[in-house]
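Colleague: Now for the letters of each chain:
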Amino acid sequence: MSAATTDEAIRRIRADVSRRKVLDQVFVVVGLLVMFAALLVLAVLFIDLVRTGAPRLNLDFLTQFPSRKAERAGILSAWVGTSLIMLTTAAITMPIGVAAAIYLEEYAPKNWLTAIIEINVTNLAGVPSIIYGLLALGLFVYQFQLGQSILTAGLTLSLLILPIVIVATREALRAVPRTIREAAYALGATRWEVTAHHVLPYSMGGILTGMIIGLSRAIGETAPLITIGALSFIAFLPQSPFTSEFPFVSFAWLTDSFTAMPIQMFNWVSRPDPKFQVNAAAAGAILLGMTLLMNGIAIWLRYRFRKRINW
Amino acid sequence: MSTLQTPSGAPQGGPGPAAPAQAAGGRIVTPRPSVEPGRGPASEEGVVVKSRAENLSFHYGPVRALKGLNIEIREKRVTALIGPSGCGKTTFLRCFNRMHDLTPGTRYEGSIHLYPDDFDLVAKGVDPIEVRMRIGMVFQKPNPFPKTIFENVAYGLKVRGMRSNARIGEEVEKALRRAAIWDEVKDRLDSSGLSLSGGQQQRLCIARALATNPEILLFDEPTSALDPIATARIEELIAELRDQVTVIIVTHNMQQAARVSDYTAFMYLGELIEFDNTSKLFTNPSQKATEDYITGRYG
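Sequences listed follow chains A and Z, in order.
43 is the number of the first residue of the first sequence in my numbering; add one for each residue after it.
1072 is the number of the first residue of the second sequence in my numbering; add one for each residue after it.
Just so you know, the hints here were simulated from the structure itself, not pulled from any lab data.
Yeah, the Cβ is synthetic: ideal placement off N, Cα and C, and Gly gets one too.
Hints may be right or wrong, so weigh each one.
Examples of chain A residues lying across from chain Z (beta carbon under 10 Å, computed) [said to hold, decoys possible]:
| # | residue |
| --- | --- |
| 1 | Pro151 |
| 2 | Arg220 |
| 3 | Thr221 |
| 4 | Glu224 |
| 5 | Ala225 |
| 6 | Ala226 |
| 7 | Tyr227 |
| 8 | Leu229 |
| 9 | Ala231 |
| 10 | Thr232 |
| 11 | Arg233 |
| 12 | His239 |
| 13 | His240 |
| 14 | Pro243 |
| 15 | Tyr244 |
Below 16 Å or equal to it, Euclidean Cα-Cα: the simulated EDC-like pairs (lysine to aspartate or glutamate) are [as the list claims (entries may be wrong)]:
| # | chain 1 | residue 1 | chain 2 | residue 2 |
| --- | --- | --- | --- | --- |
| 16 | Z | Lys1257 | Z | Glu1241 |
| 17 | Z | Lys1138 | Z | Glu1342 |
| 18 | Z | Lys1212 | A | Glu224 |
| 19 | Z | Lys1229 | A | Glu235 |
| 20 | Z | Lys1351 | Z | Glu1362 |
| 21 | A | Lys152 | Z | Asp1172 |
| 22 | Z | Lys1212 | Z | Glu1292 |
| 23 | Z | Lys1359 | Z | Glu1342 |
| 24 | Z | Lys1351 | Z | Asp1333 |
Work out the full structure, taking the sequences as your base and the hints as a guide.
Modeller: Written out as structure tokens, the structure reads:
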């Protein structure tokens, strides 16, 4: 091969590569545009909420009960209610969701019955939340007589996010390599020991992430809470979970009626007095902040748990 | 016990390495049962037989992957399983610790006797967990748990119910020394097992298996993911373990089989073609198929 043909060949290769790389660069531009568009919408929304709600974004707003006078109304009962509901939801969802996922992933025989259950779990994640509200109204409020309580709200939102948590947990469990399971089995571990000592701890990062994604979904839900009869005007706090007498913790708050952030917002938005719009915006900014905080925790947890584990 | 001799003066390790564990009063981590003369069957050359597969077949669903194998595994010797890919050598190895039970739709036929108590490893009704309490395994790819080096080795002991931290510490050190990795890790027992190099990880896995005092240690191509230097260290280690434990090793590498093993079994299409002393099998095989394989004509 002469030097001339070699030069020619190299030129052709270079031209070919740079022509094909055009698509690469086009995708980078498109991807950046799409990403910024999404982030921009969120940022504009957040800034708008903060600007509109600025006059009410202060400590008083967090420590005052709702009132008929817009400038004196606060979100104390709403954020306490939301926090307690989230706590209840997490406490109910975590054991049930993780246990269900472990059973489906590690224990269940692979047959048509488990296949149907699997498909349905995934489908349940797409059921509109109002349907869960109606189910909860019939089941928890009327059938089990749990009332319009924090417990009912927690159970309802648990139903809503269980499919999300189960699917996320199964993904996390599946990510533990087969070789690790085999190593534990080969040492004489039982199925439960393999699960409890190895598979579960190693997938905890993914499980907690799924859990918090579920809770982030639940925190903004309004429809099912309204359906089960949440009140929008609550001028008292649930009973304290801490008592001065033994055993120092009380679960009486579970049966108290409640309001929640999205309900409070919904109530204010639907009022004619424009001053309440300011309150709604301020509450919205705080709710968004709570969600971002939870997602931040999820990212931090994932980072912490995965730092040690790189298969 | 120490006055008893093995028959025919066979170079028998005796209960030496197991004795300290016994003296320490370990109820749970049982030392390997010492073989009494006349109890464990003796092979032709007088070496004690540790295990005997009789007419062993194995099925994956409708596929018959092993076809009536008969083989004797000698105690405190290294037995290599060689053969082309798909010949069933790994399948055979994984029968010894019932690893196939993790896959649904598998079935054993025949028997694998474990001596001296003539325990049939693959009998129906035998709990695979009981089998795995007595037989250890080292895998193809190093698979340490993402826990500390110490916890990796201690895990088998904890599964066996050992609670005393002092005893666990002792046993972990002993196992790490036996696996020739103690000097490299003694100052960082608390760092992750995954922080080690590939070869060190594999020796950690060997220590993890040794800590439970297995009667047979299975190696499934233990060096296939390692570089030549790490491979040489593992091979040295297996040669050292020969005095302490019965070893069965699957290998793709015929030089490795020749270097580390006392006996070699050549398998082909799920059958045992030839089983003999390693030197005999590699220099003077009696079967045409064996000769073709070891001279590189197929596989």
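Colleague: Mind checking the CB of proline 243 (chain A) against every CB in chain Z and telling me if the closest is under 10 Å?
Modeller: holds, 9 Å
Colleague: Checking one constraint from the list: CA of lysine 1138 (chain Z) to CA of glutamate 1342 (chain Z), max 16 Å. Satisfied?
Modeller: holds, 5 Å
Colleague: Restraint: arginine 233 (chain A) near chain Z, CB-CB cut 10 Å. Satisfied or not?
Modeller: holds, 9 Å
Colleague: Using 10 Å as the Cβ threshold, decide whether alanine 231 (chain A) counts as touching chain Z.
Modeller: Given a least distance of 5 Å, the restraint on alanine 231 (chain A) holds.
Colleague: Given the proposed pairing of lysine 1257 (chain Z) with glutamate 1241 (chain Z), does the C-alpha separation stay at or below 16 Å?
Modeller: holds, 12 Å
Colleague: Double-check threonine 232 (chain A) for me: the hint is only fine if its C-beta lies closer than 10 Å to a C-beta in chain Z.
Modeller: Given a least distance of 6 Å, the restraint on threonine 232 (chain A) holds.
Colleague: With the threshold set at 16 Å, check whether the alpha-carbon distance from lysine 1229 (chain Z) to glutamate 235 (chain A) stays at or below it.
Modeller: holds, 11 Å
Colleague: Does glutamate 224 (chain A) lie within 16 Å of lysine 1212 (chain Z) when you go C-alpha to C-alpha?
Modeller: holds, 11 Å
Colleague: Classify the hint on arginine 220 (chain A) as holds or violated, based on whether any CB of chain Z lies nearer than 10 Å to its CB.
Modeller: holds, 9 Å
Colleague: For the pair supplied as a hint, lysine 1351 (chain Z) and aspartate 1333 (chain Z), is the alpha-carbon distance within the 16 Å limit?
Modeller: Holds, at roughly 10 Å.
Colleague: Is the hint on tyrosine 244 (chain A) kept, meaning its closest Cβ partner in chain Z is under 10 Å away?
Modeller: At about 6 Å, which falls below the 10 Å cut-off, the nearest Cβ of chain Z leaves the hint on tyrosine 244 (chain A) intact, so it holds.
Colleague: Starting from lysine 152 (chain A), check that the Cα of aspartate 1172 (chain Z) is at most 16 Å away, please.
Modeller: It holds: about 15 Å lies between the C-alpha atoms, which stays within 16 Å.
Every hint from the earlier list agrees with this structure, and none is contradicted.
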